[in-house]
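Read left to right, the sequence shown gives residues 10 to 275 (the numbering used here).
Hints should not be assumed to be uniformly reliable.
Unchecked claim - Listed next, the in silico DSBU-like pairs over lysine-lysine satisfying Cα-Cα at most 35 angstroms (straight line):
| hint | residue 1 | residue 2 |
| --- | --- | --- |
| 1 | Lys159 | Lys198 |
| 2 | Lys198 | Lys170 |
| 3 | Lys159 | Lys170 |
| 4 | Lys216 | Lys159 |
| 5 | Lys216 | Lys198 |
Please keep in mind that the hints were generated in silico from the structure rather than gathered at the bench.
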Amino acid sequence: MKLSRLVAFSSSLLLGAVIALTGAATANAAPSVDYVALGDSYSSGVGSGSYIGSSGDCKRSTLAYPSLWASAHSPASFSFTACSGARTGDVIANQLGPLNSSTDLVSISIGGNDAGFSDVMTTCVLQSESTCLNRIATARSYVDTTLPGKLNSVYDAIQAKAPSAHVVVLGYPRFYKIGGSCVVGLSDKVRSAINGAADYLNAATAKRAADHGFSFGDVTSAFTGHEICSGSAWLHSLNWLNIGESYHPFAAGQSGGYLPVLNALD
10 MKLSRLVAFS SSLLLGAVIA LTGAATANAA PSVDYVALGD SYSSGVGSGS
60 YIGSSGDCKR STLAYPSLWA SAHSPASFSF TACSGARTGD VIANQLGPLN
110 SSTDLVSISI GGNDAGFSDV MTTCVLQSES TCLNRIATAR SYVDTTLPGK
160 LNSVYDAIQA KAPSAHVVVL GYPRFYKIGG SCVVGLSDKV RSAINGAADY
210 LNAATAKRAA DHGFSFGDVT SAFTGHEICS GSAWLHSLNW LNIGESYHPF
260 AAGQSGGYLP VLNALD
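Build the full structure now, drawing on both the sequences and the hints.
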């Protein structure tokens, strides 16, 4: 074979290899996704600061896990409708607009407000231990009897509007490290009961999510060692100057607690 023909032949082989490799890379590249973030204050980012002015009382934050995920993954579209104080009915009424048949990923935390999270904590902080424990028992009863149907309604609505989406349901952390550094405030008996209520809510939510074919993101392990009274808390304790941020994650809880769980399931 003449040198010129050898060079041409080698060049064609090299070109073919390059085309094959780049074609394979293109074929294997993950497509950009359309992402919608729904939910309550744990999804909107209350407690993490850096709130988006246009979100008003919903207090959506650029440091919330949905914003952090979008910044890291550059989705084709990102709609952030989670809102502080949201209950299941609020999600259905006000947050589902961006969902459609092209939606690929949905994240949501919901149910805590329905179960009376704010009232439980107010009762436990301001009233007697027995009154607190009775209020927790009432919340657990609600989780047994009423919340499953409300979660079903939300999840059914999401499936109807975004039938092809991968839906990730995020749970709630335990608030307290038992036997930790706190020397005043609630008793460890009450703190244990509050932690148990969070576990109870998570278990009920996980069951509803699984029944709909959704992924459930349990954040309790991620927050272990970073509860209130741990000495390295990712959660606000009671804040009399900003009650709304009490018992919500700092920015570190969003980035170190929630984001890795979503990343593992997206």
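Hints, verified against the model:
1. Taking the CA atoms of Lys159 and Lys198, the gap is near 30 angstroms; set against the 35 angstroms cutoff, the hint holds.
2. Between Lys198 and Lys170, the direct Cα distance comes to roughly 44 angstroms. Violation of the 35 angstroms bound is thereby established for this hinted pair.
3. Of the supplied pair hints, the one linking Lys159 and Lys170 holds, its CA atoms being roughly 17 angstroms apart against a limit of 35 angstroms.
4. Of the pairs offered as hints, the one joining Lys216 and Lys159 holds, with about 13 angstroms between alpha carbons and a cut-off of 35 angstroms not exceeded.
5. Proposed proximity of Lys216 and Lys198 is supported: the alpha carbons are some 27 angstroms apart, at most 35 angstroms.
Violated hint for the displayed structure: number 2, the only one.
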